[in-house]
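Enquirer: So the chains spell out like this:
2 protein chains.
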Amino acid sequence: MERPRNISRVVDGVDRVDDLVDRRPPSVTLTEVAQRAGVSRATAARALGGYGSASAAARDRVLAAAAALGYRPNLPARNTRNGTTTTVGVVVADIASPFFGQSTRSISDAAKAAGLEIMVLNTDEELEAERAAVHLLLDQRVAGMVVAAASRTDGRHLAQAQAEGVPVVLLDRRVIGLDADRVYADNGAGAALAMAELIGQGHRRIGYVSSAAGPHGHPPGAPLVVDELVSSGGDRIRAYLAALAEVVDEPTRYLALCPFGEEAAYAATRELLARPDRPTAVFASDSVIALGVLRAIADAGFAVPGDVAVVAGDEPAWSRVTTPPLSTVTQPVAALGRAALELVTRRLADPTSPCTDVVLPTTFQARASTGGSVGA
Amino acid sequence: MERPRNISRVVDGVDRVDDLVDRRPPSVTLTEVAQRAGVSRATAARALGGYGSASAAARDRVLAAAAALGYRPNLPARNTRNGTTTTVGVVVADIASPFFGQSTRSISDAAKAAGLEIMVLNTDEELEAERAAVHLLLDQRVAGMVVAAASRTDGRHLAQAQAEGVPVVLLDRRVIGLDADRVYADNGAGAALAMAELIGQGHRRIGYVSSAAGPHGHPPGAPLVVDELVSSGGDRIRAYLAALAEVVDEPTRYLALCPFGEEAAYAATRELLARPDRPTAVFASDSVIALGVLRAIADAGFAVPGDVAVVAGDEPAWSRVTTPPLSTVTQPVAALGRAALELVTRRLADPTSPCTDVVLPTTFQARASTGGSVGA
DNA sequence: TTGTATGCGTTATCAT
DNA sequence: ATGATAACGCATACAA
Numbered sequence: 001m002e003r004p005r006n007i008s009r010v011v012d013g014v015d016r017v018d019d020l021v022d023r024r025p026p027s028v029t030l031t032e033v034a035q036r037a038g039v040s041r042a043t044a045a046r047a048l049g050g051y052g053s054a055s056a057a058a059r060d061r062v063l064a065a066a067a068a069l070g071y072r073p074n075l076p077a078r079n080t081r082n083g084t085t086t087t088v089g090v091v092v093a094d095i096a097s098p099f100f101g102q103s104t105r106s107i108s109d110a111a112k113a114a115g116l117e118i119m120v121l122n123t124d125e126e127l128e129a130e131r132a133a134v135h136l137l138l139d140q141r142v143a144g145m146v147v148a149a150a151s152r153t154d155g156r157h158l159a160q161a162q163a164e165g166v167p168v169v170l171l172d173r174r175v176i177g178l179d180a181d182r183v184y185a186d187n188g189a190g191a192a193l194a195m196a197e198l199i200g201q202g203h204r205r206i207g208y209v210s211s212a213a214g215p216h217g218h219p220p221g222a223p224l225v226v227d228e229l230v231s232s233g234g235d236r237i238r239a240y241l242a243a244l245a246e247v248v249d250e251p252t253r254y255l256a257l258c259p260f261g262e263e264a265a266y267a268a269t270r271e272l273l274a275r276p277d278r279p280t281a282v283f284a285s286d287s288v289i290a291l292g293v294l295r296a297i298a299d300a301g302f303a304v305p306g307d308v309a310v311v312a313g314d315e316p317a318w319s320r321v322t323t324p325p326l327s328t329v330t331q332p333v334a335a336l337g338r339a340a341l342e343l344v345t346r347r348l349a350d351p352t353s354p355c356t357d358v359v360l361p362t363t364f365q366a367r368a369s370t371g372g373s374v375g376a
Numbered sequence: 001m002e003r004p005r006n007i008s009r010v011v012d013g014v015d016r017v018d019d020l021v022d023r024r025p026p027s028v029t030l031t032e033v034a035q036r037a038g039v040s041r042a043t044a045a046r047a048l049g050g051y052g053s054a055s056a057a058a059r060d061r062v063l064a065a066a067a068a069l070g071y072r073p074n075l076p077a078r079n080t081r082n083g084t085t086t087t088v089g090v091v092v093a094d095i096a097s098p099f100f101g102q103s104t105r106s107i108s109d110a111a112k113a114a115g116l117e118i119m120v121l122n123t124d125e126e127l128e129a130e131r132a133a134v135h136l137l138l139d140q141r142v143a144g145m146v147v148a149a150a151s152r153t154d155g156r157h158l159a160q161a162q163a164e165g166v167p168v169v170l171l172d173r174r175v176i177g178l179d180a181d182r183v184y185a186d187n188g189a190g191a192a193l194a195m196a197e198l199i200g201q202g203h204r205r206i207g208y209v210s211s212a213a214g215p216h217g218h219p220p221g222a223p224l225v226v227d228e229l230v231s232s233g234g235d236r237i238r239a240y241l242a243a244l245a246e247v248v249d250e251p252t253r254y255l256a257l258c259p260f261g262e263e264a265a266y267a268a269t270r271e272l273l274a275r276p277d278r279p280t281a282v283f284a285s286d287s288v289i290a291l292g293v294l295r296a297i298a299d300a301g302f303a304v305p306g307d308v309a310v311v312a313g314d315e316p317a318w319s320r321v322t323t324p325p326l327s328t329v330t331q332p333v334a335a336l337g338r339a340a341l342e343l344v345t346r347r348l349a350d351p352t353s354p355c356t357d358v359v360l361p362t363t364f365q366a367r368a369s370t371g372g373s374v375g376a
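If you're matching them up, the sequences are chains A and B in order. Residue numbers for the first sequence follow UniProt numbering, beginning at 1 and rising by one. Residue numbers for the second sequence follow UniProt numbering, beginning at 1 and rising by one.
Just so you know, the hints here were simulated from the structure itself, not pulled from any lab data. There could be a bad hint or two in this list.
A pair counts as met if it fits within one copy or between any two copies, since identical chains are not told apart.
To be verified - In silico EDC-like pairs for lysine to aspartate or glutamate, Cα to Cα no more than 20 Å straight-line:
hint : residue 1 : residue 2
1    : K112      : D124
2    : K112      : E128
3    : K112      : E342
4    : K112      : D277
Note that the structure is predicted; figures quoted are calculated from it, not measured.
Build the full structure now, drawing on both the sequences and the hints.
Expert: Structure follows, in structure tokens:
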């Protein structure tokens, strides 16, 4: 029962503080501060901005006037004048997803420490939305942007941002042909470790469920070009296929590239499990995919790890509360975000130095979901 | 092994697009568009802005010129002139937490549909950080803000925003004495349903683990004033205590208000479970708390629901992949975010109408973690 | 319909 | 050390 209601005077049992209403935007300007302090705007600006020179007496009067009036600078005006802002754009697929949520949080923390704010834009992995987001950020005159690019092959909008002097830092994903600072985890190495574990336990029919092919998945039958997938996913898949190629003839047999989201992963996993020669292990590319994979296995009536072993390609917060606990590949998400923002500020400070790759290590965290050797 | 390395010329096996560099910010201005179109700035502005009047011929020439030059408006300049922006501030405890992550995402979606962007600021439940965030947003001249207030009792900074003509919408939490539009879920009703279920199954020693007392928890021994807790948590606790008061003498006996975060919840739960008369059920206030609760129960060697039944006060994405699946109180998170943004735009359109409360329904989702009746 | 002229609040140059 | 003055790019009242 939704019950919108109007409450006018009484809130939480307490009378409204009426005298706050209708007090029009004070919006004290620099001019008013200067007048009250009895100096020119230029002097007031210098005193407040702490640049140029101003006598101690003048500075004191200005600061006192500013405090008395409750002066707060008008940032859009300042930004107009300066030609740039203190805002950093963050462009990701979905701020509500665990990986991007955490990275964005840590970007935000690092930004705050550097005196910057962030503007977050979601793309849902749609290139068109990403283009719009980047252009919006350029119009906003952001100081820089951190982008988890939806397309590995089309970075023209990002190159344009760079051309306009706006630093672009690629997070989690590389873009072909774009010379930008990048920060990502060594997902290939992590996946290789996980595969080594599974193969060492005797698994050969190992499934892989991933949304690396973008929002719409990978059309069955279409040629698969791993190099065109989002690089983080592509790196994992490449490692998966390489490991599998060592021990089986047809490594792509159980590779399922689905649209992104838990439900798509669920469906893809059900399909894998319905095959007569079903996989004995499944690699889930990330936390969200893992949810679908686990539910599909349970609904199909299989046990983990007895019937199907499971590994997740990154670390869900809930990895230790499933039964059995989930084996994962962990990546240092907070460090990725911090590094991304650091690269932005570095490039701001030195726009011409060669681009940097920051590649952070991943580790394989063995838990009970890859618990034993293969039975059947 | 972190291995930062510098790559200069070759990226992903493809040569750098060199001619993109050093192409200085084109930053085409309205003036240039007007010149190229052979009209005045005013005419160009009208044609581009689609207001006032302009002949079809002039408009065409202006639009053509704008397209040819790649004109993009300078938003800070526009905002300076207009005195406001198209940005909505979102102030929450932690964008990386599931509830705020999802709400923020849905606020963002609704904002985009309304032609607005969001600027996200985290407070970690610290009032001081919230004040700074609100002031920053005011300086940025945001069009409005959505705030999940850290303090139920101190909303002066929010009142100031209102006084400056900036709409403030309270999300998830009410603030005493602040007459603002609000949107929140009926958490009390949800908690009551969950408690009814537990009590109906015979549970009497029901624990409650919550971070509603803010970032530092509730000092043991200090008087507990439920009315001063964050309202969403307070509503749940009130319902919990009311239900318990019907059947036991000392309803506050198992109420554990811990600092926020999984680890604090873990510790609090371990303490509850170590008591000689340990609880037979535990209510976890939210998803993050639930993680700590479940791990604590497992580590203490108890089974769910056999030894301890568990309910979570909101719906974690992973509620169906635990063993057993977790009983939850669900709230319509996406709808909350949408409603919040809608209230912002409504108040923008009509600054004087009485404030609105949007209270959305919660439901109790029974799963196996509250599976049976009480044994011991 | 169109152009002129002015202002938004800030920063910064350049005389004094 | 200080103040007058000019920008920044855009929007708009008003005159033509």
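Enquirer: With reference to the structure, classify each hint as holding or not holding.
Expert: Comparing the hints with the structure gives:
1. Taking identical chains as interchangeable, the C-alpha atoms of K112 and D124 lie at most 20 Å apart only when they sit on different chains, with a minimum of 13 Å there against 26 Å within one chain.
2. In this homomeric assembly, K112 and E128 come within 20 Å of each other (Cα to Cα) only across copies, at 14 Å, whereas the closest approach inside a single copy is 29 Å.
3. With identical chains, the CA atoms of K112 and E342 are at most 20 Å apart within one copy only, with a shortest distance of 12 Å there and 28 Å across copies.
4. In this assembly of identical chains, the alpha carbons of K112 and D277 never lie at most 20 Å apart, being 53 Å within a copy and 46 Å across copies at closest.
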